[in-house]
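Number of protein chains: 2
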Amino acid sequence: MFRAAELGQTTSKRIFKSRSPELRQRLLEAQIHLSRNCDFGVMIDFAGVDGAGKGSTVNMLHAWMDTRLMTTNAYGRPTEADRMLPKYWRFWRDLPRRGRIAFNLRARYSTPFLDRVYGRTTDLEYIAELKRIQAFERALADDGMLILKFWMHLSRDAQKQRLETLESDPETAWRVNKRDWEHWELYERFVQVAERTITETNTNYAPWHIIEGVDENHRILTVSEILLEALNKRFDATGHLPSPEVLVDKDAFEVKDTIVDKPEGHVTVFDTLDMTASLKKANYQRKLSKQQRRIHLLQREALNQGRSSVLVFEGPDAAGKGGAIRRLIPTLDARNYRVLQYGKPTDEENARHYLWRFWRRLQHGGHLTVFDRSWYGRVLVERIEGFATENEWRRAFAEINDFEDQLVESGTILVKFWLHITPDEQLKRFEGRKQKPFKRWKMTGEDWRNRAKWYEYEEAGHDVVKYTSTHISPWELVPANNKNFARIEVLQTFGDYLEKALKESE
Amino acid sequence: MFRAAELGQTTSKRIFKSRSPELRQRLLEAQIHLSRNCDFGVMIDFAGVDGAGKGSTVNMLHAWMDTRLMTTNAYGRPTEADRMLPKYWRFWRDLPRRGRIAFNLRARYSTPFLDRVYGRTTDLEYIAELKRIQAFERALADDGMLILKFWMHLSRDAQKQRLETLESDPETAWRVNKRDWEHWELYERFVQVAERTITETNTNYAPWHIIEGVDENHRILTVSEILLEALNKRFDATGHLPSPEVLVDKDAFEVKDTIVDKPEGHVTVFDTLDMTASLKKANYQRKLSKQQRRIHLLQREALNQGRSSVLVFEGPDAAGKGGAIRRLIPTLDARNYRVLQYGKPTDEENARHYLWRFWRRLQHGGHLTVFDRSWYGRVLVERIEGFATENEWRRAFAEINDFEDQLVESGTILVKFWLHITPDEQLKRFEGRKQKPFKRWKMTGEDWRNRAKWYEYEEAGHDVVKYTSTHISPWELVPANNKNFARIEVLQTFGDYLEKALKESE
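As you go down the protein sequences, you meet chains A and B in turn.
Residue numbering for the first sequence follows the working numbering, starting at 90 and increasing by one per position.
Residue numbering for the second sequence follows the working numbering, starting at 90 and increasing by one per position.
Extracted from the complex, chain A is given alone in its bound form (with noise of 0.2 Å):
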């Protein structure tokens, strides 16, 4: 069965440089055209063999796609309470709902594949959980959900050298550890039982997809054409493909850059940063690689002590906080972190306090959770817009500063990131969007419009610093202008927190 996904397939990175753009262009197409047309949701499964890239072609679509418009789901061990309800609860609980898109990482198939390889269960056993597995995938699909299911597979070869050569260099070293070699020994077995296993459960409703794991941008390539031809075969039928329009805000490109004078007597906490500060790339790199084997060493080590972190990006539009938060994310097993948009609030949570929202979705045993944009809306554009009352928003502080008080007491690694940058600086990034096919569909009206308000904004936000810069937790301002100079200190300031925190609970 697996014959076909061994032939050593890789695409070079010239074609994969040239082929990406417009790719990545049509998947985000397709997921707007979902959200906002679509009445059925998207589940995406990645099962496979080790260091075949499961995890890492999901960070890929994380960093491709809108994270707003979806989550990652990752099961590790389920809790003392999960392990009282029944063994679906997880799966069930973390259903996207209609328009959105998940990922599903270790999830169902997981627990019965390696039971049946370890031999804990008998073949009949495995058949039963099969059906089960079928059972539910046939339920949701008949609900209109559609279901992916991708195999990540490489030959046994190709799985050892894959692991040798992560070993053999230092820099990569870590991500290699004893259990990878003991399944490498199963090899076979798990060859056996992944076959029965896509056999069984190979559906028209829920097909599988065997994709060859060897190149990265082999596999990204082949996962996106595949993610992309099911969503506009399944738009086809609905009688409407998305079109590139839906993307593109209009006012993003018309609209004129309406900046108003600095303000006589605006003075913020944001002039005392360098805003010159730089790094040359080279430096970036070397700098980039010792912090995120870091930063895995020590998050690794926050799992075993069960210390979650939460880490809150505010700043202005184009600041750059995407992009430090996807220099973060190779850093971390997919398993234990979620990144965060907040778009509107569903109607369950409008009829609620707004810190609801945010409390919902925190998460315990050593997660990191990353707020790309955060409750801080509530003193920022709230403020601004006029869309909280400035009793709202004054009494704010103290509602967040309690908010941060109590994760912090409960052992959460809480850091607050303020990346800033300078107006003209946003402008040139503002620019830069719209030769950029992928990026175009960042820019918005709205963009411009917060940008006329830019000193009002900085005024919020020195606010948000002079208010909620406690001494439990204090905001980290960093100067922005510069990417690789904001991305190295993110890195950096979080290693620091981490090292410092699990060092005083040893």
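Do not take every clue at face value.
If chains are identical, the list can't say which one is meant, so a pair holds when it fits in one copy or spans any two.
Here are the simulated lysine-lysine pairs, DSS-like style, with alpha carbons at most 25 Å apart [said to hold, decoys possible]:
no.: 1; residue 1: K220; residue 2: K555
no.: 2; residue 1: K176; residue 2: K592
no.: 3; residue 1: K220; residue 2: K176
no.: 4; residue 1: K267; residue 2: K433
no.: 5; residue 1: K589; residue 2: K176
no.: 6; residue 1: K369; residue 2: K572
Since the hints were derived computationally from the structure, they do not count as laboratory data.
Since the structure of chain A is already known, use the hints to place chain B on it.
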């Protein structure tokens, strides 16, 4: 401070009977007005002396009001996952939405209070905890939440007497345990900390009301009146009080009975029931006490073993589902049960598979969840009213079986009751509802429209039994023309299930 609540105030049965119907009616009006026209939530906390009727007051309010528009949150020991999150995580999670009422037992005051009584914390530490509570209440009140707190009081002698009275009657002795007496020994200390608590947290935005807990009639009337007054005061401030008409659906009293004749060849599983089965009042009272005691003890054991139960109630309108459930409630600790009725789905629910809203409410760890109507709506009302297509409701049988299999497999004790009545009995009960003011609101034109489709519903019910009465989760068909008979049947059957399940797991 508590002298004013040691007057031995009682309310005679006669006075209670004369005042409660109107109070009940007005509470309901207020509750429905709140849900339909108001944009604030209501949070009501019960704390105080053991045996002063916290749980029974909540149970009574549960019986009086519309359970669809309220929840009871009672906090036991935090789970492993809870402990990794900020302490207030559970309280935030359970915030009532605007328009809804939450009753809290053993909530945010409980652990800090007992820690202080037992001397596990210092006075300073306690004050810090109370400040945190204040900040929480303040934030919610600022957001519009109406917060009321009831301190249920008993004098030292009254508490002793209450415990002794319960112990002396073999019918109620099971209600008293060793821990109750331990608490009683600490009475002075308890009252001292209580005074401190109330003094420090008796704010205008979250006031305490001290209630004399000696007499059940007195405390339920007092609590209800305070609640009603607070609601009305708030309604008044927003410009409109509820009117009795909001409750009464004109259709309910103007529509003519249009039940069709029994179609030829209409034979269902319900024809096999002996609909004349009945039970005399004296017999009923005796059996009721016996079964309630039995379930209380079994349920306590189930809690020890962490065995959860799910009870499903289905059957025609006015079959007595609510009445049967209310006979079960007094046997339970308010911390460990939840009665769920499902109204209109929220947008988060609408955006997913129809079973999602049931999965998401599953409880673990020995909890009892009662579904007053359930997922069977898919194959009953949705089938008959055409809200689900034939394909949808036909495949629902298999989906439901699969869901229930998983519940049972995970160790949940699942009991499904179908309470059945004859069309004549239903008519009699509908007519009866017109008379009692606090029952009038229950009647809607919908009831008559459903009644007109009596035989369609019976046929759908027949299919429900046919396709979903499996050996793993059979239906318990209960002839319910006689309420006494049906209630005892329900209690006895549930007791049998519990007994069998607990014996098996020994």
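Intra- versus inter-copy proximity for K572 and K369 (alpha-carbon distance at most 25 Å): Within one copy only: 10 Å inside a chain, 83 Å across chains, cut-off 25 Å.
K267 and K433: within-copy, between-copy, both or neither at 25 Å Cα: Classified as neither: same-chain Cα gap 45 Å, cross-chain 52 Å, threshold 25 Å.
Alpha-carbon proximity between K220 and K555, which holds within one copy, between copies, both or neither at 25 Å: Answer is between: at 23 Å across copies they meet the 25 Å cutoff, but 58 Å inside does not.
Status of K176 relative to K589 across identical chains (alpha carbons, at most 25 Å): between (37 Å within a copy, 23 Å between copies)
Same-copy or cross-copy closeness of K220 to K176 [CA-CA at most 25 Å]: within (14 Å within a copy, 40 Å between copies)
K176 and K592: within-copy, between-copy, both or neither at 25 Å Cα: between (36 Å within a copy, 24 Å between copies)
Hint 4 from the earlier list is the only one contradicted by this structure; the remaining hints agree with it.
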